[in-house]
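Enquirer: So the protein sequences, as listed, match chains D and V.
Here the working numbering is used: the first residue of the first sequence is 1, the next is one more, and so on.
Here the working numbering is used: the first residue of the second sequence is 1001, the next is one more, and so on.
Misleading hints may appear alongside valid ones.
Some residues of chain D that are not near chain V, with every Cβ distance over 10 Å (derived) [unchecked claim]: (1) M1; (2) E5; (3) A18; (4) R20; (5) K21; (6) A22; (7) F23; (8) Q25; (9) H26; (10) A28; (11) S29; (12) R31; (13) R34; (14) W50.
Where chain D lies over chain V, by a calculated footprint (3+ residues, C-beta under 8 Å) [unchecked claim]: (15) 1002-1010; (16) 1127-1141; (17) 1160-1168; (18) 1171-1177.
Hints listed in this document are in silico derivations from the structure and should not be mistaken for laboratory results.
Predicted model only: the values in this text are computed from it and were never measured.
Every residue, glycine too, gets a C-beta built ideally from N, C-alpha and C.
Okay, here's what each chain looks like letter by letter:
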Amino acid sequence: MCDKELLVGYVYDELEAAERKAFQQHLASCRECRDEAHALRGTRSHLAAWQVPAGPSLQPIVADVSSASRFRIGSWWALAAAAALVLAAASAIANLQIQTVDGGVVIRTGWSQPATIQQASVGAAEPTAISREELAALLQRVNQLETALATRSTMPVANVSHPAVSSEDVLRRARQLIADSESRQQQALAVRLMQGMREMQAAHTSDLMRIERATNQLQGAFNDEVLRSREMEKQFYRLVSSTQLQR
Amino acid sequence: MTSDEELVARSRGGDLDSFNQLVLRWERPIYALAYRVVGREEEARDIAQETFLRAFRALKGFKGQAKFSSWLYRITLNLCRDWMRRERRTPIAQTPEGVDLVELAGEATPWESIEDLVSRKELGRAVAKAMSVLPEEQRTAIILKEYQGLTFQEIADLLDCPLSTVKTRLYQGLTVLRRQLEQAGVESHFESERPRAVVRNFRSAGGD
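Kindly produce the complete structure, drawing on both the sequences and the hints.
Expert: Spelled out as structure tokens, the structure:
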């Protein structure tokens, strides 16, 4: 019985030079091996025809992020993600960063100290403006999360205490903001979600990977024009400072 | 182009972008591997996503003792194995019924006639079906060799088995495939130029 290991090595071109030469000499005198090697090479040549379908890319499209089904309502992660999206979209914030560190969350905002607080009137709301109550509620939520991390308490279950804003409202608003924007090119979402999950969060991780990829993709896909609404910016700064004063 | 090792090093340092680049680079091969092993698109996608998820979480423990791609493959294969055990399923040859000529027309390469393309599709189906007949070990070895392009040694390292075992599985797998394809009416014409498969009586020979 001829050496099948050599045969298969030959068929796959994995023989060393010396081995190959020896085997070729064997082939010259062995009909059985010659036929088999030829047949198996023929078989191999057909295998390439088995193609893989294009399949959905692992990178979710923007619509996935906005789709409510992707968020587990009640998950604080989802709310943090929604909050970040709304915050970033609604105001000219750059470098809003959400990072997970050792299973916790750190949220940093990149704006510098507001130069002056102007008593600008809220004025007629622009189509994409969100109400100050909503902004306040989100900011409060962000503060809660930061506090929770700082004190290393257990992660708060997401139930926004503000009566006017529910989780569903926030998400709906986030989606609406993204959809209603005058020009998608004007949006720049500098949001990042990182993962360093604890095991108890394992159930949410695949959703989160989708969120993370979506936001990274958004960041890359859109150019760096930011919503430059001065009124909204001032409005937001005002909320920030007034919220701070309330502490 | 930045090497895998470099991207891994940056990812371990906290650079998310680099990890994303790794995902972009490897998502297709990983998906292809999972798809061929389990035979289902949805499951393959879930397994591929889970692979990168686990890789991300385990980055700290990856010190470059193996190739990054091998490490990914190992995760994927474990996930495939777990899934198949859980579902007690053997993969089906998931191929669509019939051939949509309009869709095919878009896929034809310049030197191919529609007849060629149809027969290529039918050949693909025949191969998928033949592969589903193989026992898991042989099928995995064939997939790693033919579609991921690993060497015998790389496969042995990946599957934690001796070199000779890999060769045996490949030999047996190829032999079964040869028989299956012959029964399906695929003749083995091996030519050194572009090999052509002649699929005779595919449907009447018990295919589909």
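Enquirer: Now tell me, hint by hint, if it's right for this structure.
Expert: Hints versus structure:
no., hint, result
1, M1, "holds (12 Å)"
2, E5, "violated (5 Å)"
3, A18, "holds (17 Å)"
4, R20, "holds (14 Å)"
5, K21, "holds (19 Å)"
6, A22, "holds (17 Å)"
7, F23, "holds (13 Å)"
8, Q25, "holds (20 Å)"
9, H26, "holds (16 Å)"
10, A28, "holds (18 Å)"
11, S29, "holds (21 Å)"
12, R31, "holds (16 Å)"
13, R34, "holds (12 Å)"
14, W50, "violated (4 Å)"
15, 1002-1010, "violated (count 0)"
16, 1127-1141, "holds (count 3)"
17, 1160-1168, "holds (count 3)"
18, 1171-1177, "holds (count 4)"
Checked against the numbered hints given earlier, this structure breaks hints 2, 14 and 15; the rest are met.
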